Amino acid sequence: MGKLIKAEFRKILSTKLWWGLLIIALLVAGAWAGMLSSVFDGLAEELSRSEVMRLAGLQLDEISFSVVFLTRAINIATIFPMLFGGLAIASELGRKTITTSFLTAPNRSMLLGAKGITYAIWGAIYGIAIICAATLGIVIGTGGDHLVSFTTWLSTAAAGVLSCVLWTLLGLGVGALIGSPVGTVIVLLVYGLAIGPISDLVFTGFAEGDANVAGALPNGAANGLTGSTAADTLADEIQANATGVSSVSSDLLEGFQDTARLAAGGLGSFGLLASAAIFFAWAMLFFALGLWRTQSRDIT
Amino acid sequence: MHDGSGRIEVRQLSKNFGSVQAVANLSFTVEPGSVTGFLGPNGAGKTTTLRMILGLVTPSEGTATINGLPHDKLGNPARVVGSVLENEGFHPKRTARNHLKVYAAAIGVPDQRVDDVLTAVGLTEAGDRHAGGFSLGMRQRLALATALLGDPQVLVLDEPANGLDPEGIAWLRGFLRDFAKQGRTVLVSSHLLAEVEQTIDQVVIISHGQTMYYGQLDDLRNAQRPRVLVLPSDQNALTRALREERISEIEPADGGRLAVMNTSARQVGDIALRAGVAIYGLEERHADLENLFFQLTSGQYTAAPPQHQQYGQEPGAPYGGQPGAPYQAPPPGTPYGAQPYSGYGSPQDGWPQQGAVPTHPPQQPYQQDEGNTGWGGQR
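Protein sequences, first through last, are from chains A and B. Under UniProt numbering, the first residue of the first sequence carries the number 1, and numbering increases by one thereafter. Under UniProt numbering, the first residue of the second sequence carries the number 1, and numbering increases by one thereafter.
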């Protein structure tokens, strides 16, 4: 297995795809985080007008809003590890290099296992790089104000890395199922940029902001995984700040949590652990289907 | 563990792609120490068979083993079998050296091996160029280099001469011969017999996914009956004289000539001299192997195989680039038709002597002719 993982790393490092996608991912994550930070004022103002804030007498400065930009940037940048994973098997099928890969591996399961491990590692590499870029973007965009606490940053970062790993494996499975690089890229992009976000909005609209079917779909669950931490952090901070103000009802707090979740991009999600479990299940489902398809595919 | 024999065994192998039967009940054995040609027209099922041997295509029925085991049970398969397949891919932006390094890692051989195989196929200079810029011939060499990485015991090549220039083909020929001389196994497919004729010892000829001939190439050669074309002053007198010498297979040929089977030009000349018949033309002809190959595999794309051919108007003769090439007319009643080995058992009925006859065709309906000297020089 070690030999095959080494071979997979050599495959990845001997062409330019990995850094081509990585550079774009870093730019997008950094730019997105920086851009959102720069419109922070507008968003913050809106939130400060909310009843919760007013009733609680909260000061915006005490709330670490920038965590929202971090999750937003992660959510958008996960497109790239997803594409990277999508091309893992699809491009080998498309370029027919899969033939030699199969012929030099003890059997298909070993090769696919090695690919899974290799691409999980690469998903994590993408995740860490994206977090760094997004953090840098926020620091630049906010000028160093309203930064999140280290623990919040760390838990969001961990959720972001996990999200990238799972998106990579989900993409890998989809690519293996489709079998064509172009088809895979189109399907993944259309889902990641259009169908996923739009269906989240539509379902959440019907559910009036409650946790709903959107949170059970891959995109919603993935956003819930990263967004829930941010939303919970904000809610906790508000609760902590609002101690002693009796008029902050649980209803209002919940409403605020939804608003924060909306801001963090985790529409209709079921909370951190449930979202993580749901997205993990989706990723494994596609990964397993892709491997099963590759296992039985005739290479002609 | 595999048995280390270097033997490829194909047993009752079939493959259906949807409703299309690509390979039908194919059986043969490839022995180590020899180069075996795997011949058949395009679409006969060669590539599918080779890919089943290599575990890339799952057989519908039957088994294909190397060293007694299917490909996915070989452990580190690239140490046992290397292959050069058609349609094999290289990442266009990966250099030849990096391509080889990827698979050297997968096989577990040191990177030094990469330079060794690049040298072996003559690609050292081009090692750091992208495979996307390679000519077809260079790609074939790179594919061969990849096949050799694991220093395998068995080599399987699918149409390796495609894209090679004459120099490359000659080089490949020598390479494969040397490889087999080391006691290793070579299975090489081609749709042109002439292309591999000088390289192979043993031959498996398939058509319609079925075995048409399986045995030594020399036996196939010896099965050719030479014919003598003679233009006598008096056809009847010569025919009579020949019959007196018990040479009875005589047929009229074009241009007033006679085609005489199972004899030599010298014998016909001597008989004609004794009979007092003048000879205006005398020519010894051997049907070439390519034509026989065509006979064995013809009918794949035609409704009815040519059953009775006239000398000089052989319908399918253009195959092999010799239109109207001399070919002995099959005398009616001889088993020499489109299915010359019909006595050998319909492939659907299974291989009657499977495994027991790697060196001789099971049946020889042809008459052997030891005087077949014309082919001796070929080898």
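Honestly, the hints are just simulated from the structure, not real lab data. Nothing here was measured: the structure is a model prediction, and the numbers come from that model. Watch out, some of these pointers could steer you wrong.
What the hints assert, rightly or not - Okay, derived cross-link-like pairs now, DSS-like style, lysine-lysine, Cα gap no bigger than 30 Å in a straight line:
| id | chain 1 | residue 1 | chain 2 | residue 2 |
| --- | --- | --- | --- | --- |
| 1 | A | K16 | B | K181 |
| 2 | A | K96 | A | K3 |
| 3 | A | K6 | A | K96 |
| 4 | A | K16 | A | K3 |
| 5 | B | K93 | A | K6 |
| 6 | B | K181 | A | K6 |
| 7 | B | K181 | B | K73 |
| 8 | A | K96 | B | K93 |
| 9 | A | K16 | A | K96 |
| 10 | A | K3 | B | K93 |
| 11 | B | K73 | A | K16 |
| 12 | B | K73 | A | K6 |
| 13 | A | K6 | A | K16 |
As the list claims (entries may be wrong) - Which stretches of chain A does chain B cover? Using the computed rule of at least three CB atoms under 8 Å from a CB of chain B, they are:
| id | region |
| --- | --- |
| 14 | 124 to 136 |
| 15 | 285 to 299 |
Think of the CB as a built atom: it goes at the ideal place given N, C-alpha and C, for glycine as much as any other residue.
Status of the hints after comparison with the structure:
no., hint, in the structure
1, A/K16 - B/K181, "43 Å, violated"
2, A/K96 - A/K3, "21 Å, holds"
3, A/K6 - A/K96, "20 Å, holds"
4, A/K16 - A/K3, "22 Å, holds"
5, B/K93 - A/K6, "19 Å, holds"
6, B/K181 - A/K6, "35 Å, violated"
7, B/K181 - B/K73, "27 Å, holds"
8, A/K96 - B/K93, "14 Å, holds"
9, A/K16 - A/K96, "18 Å, holds"
10, A/K3 - B/K93, "23 Å, holds"
11, B/K73 - A/K16, "34 Å, violated"
12, B/K73 - A/K6, "22 Å, holds"
13, A/K6 - A/K16, "17 Å, holds"
14, 124 to 136, "violated (count 0)"
15, 285 to 299, "holds (count 3)"
In the structure shown, a violation is registered for the earlier hints numbered 1, 6, 11, 14, in ascending order.
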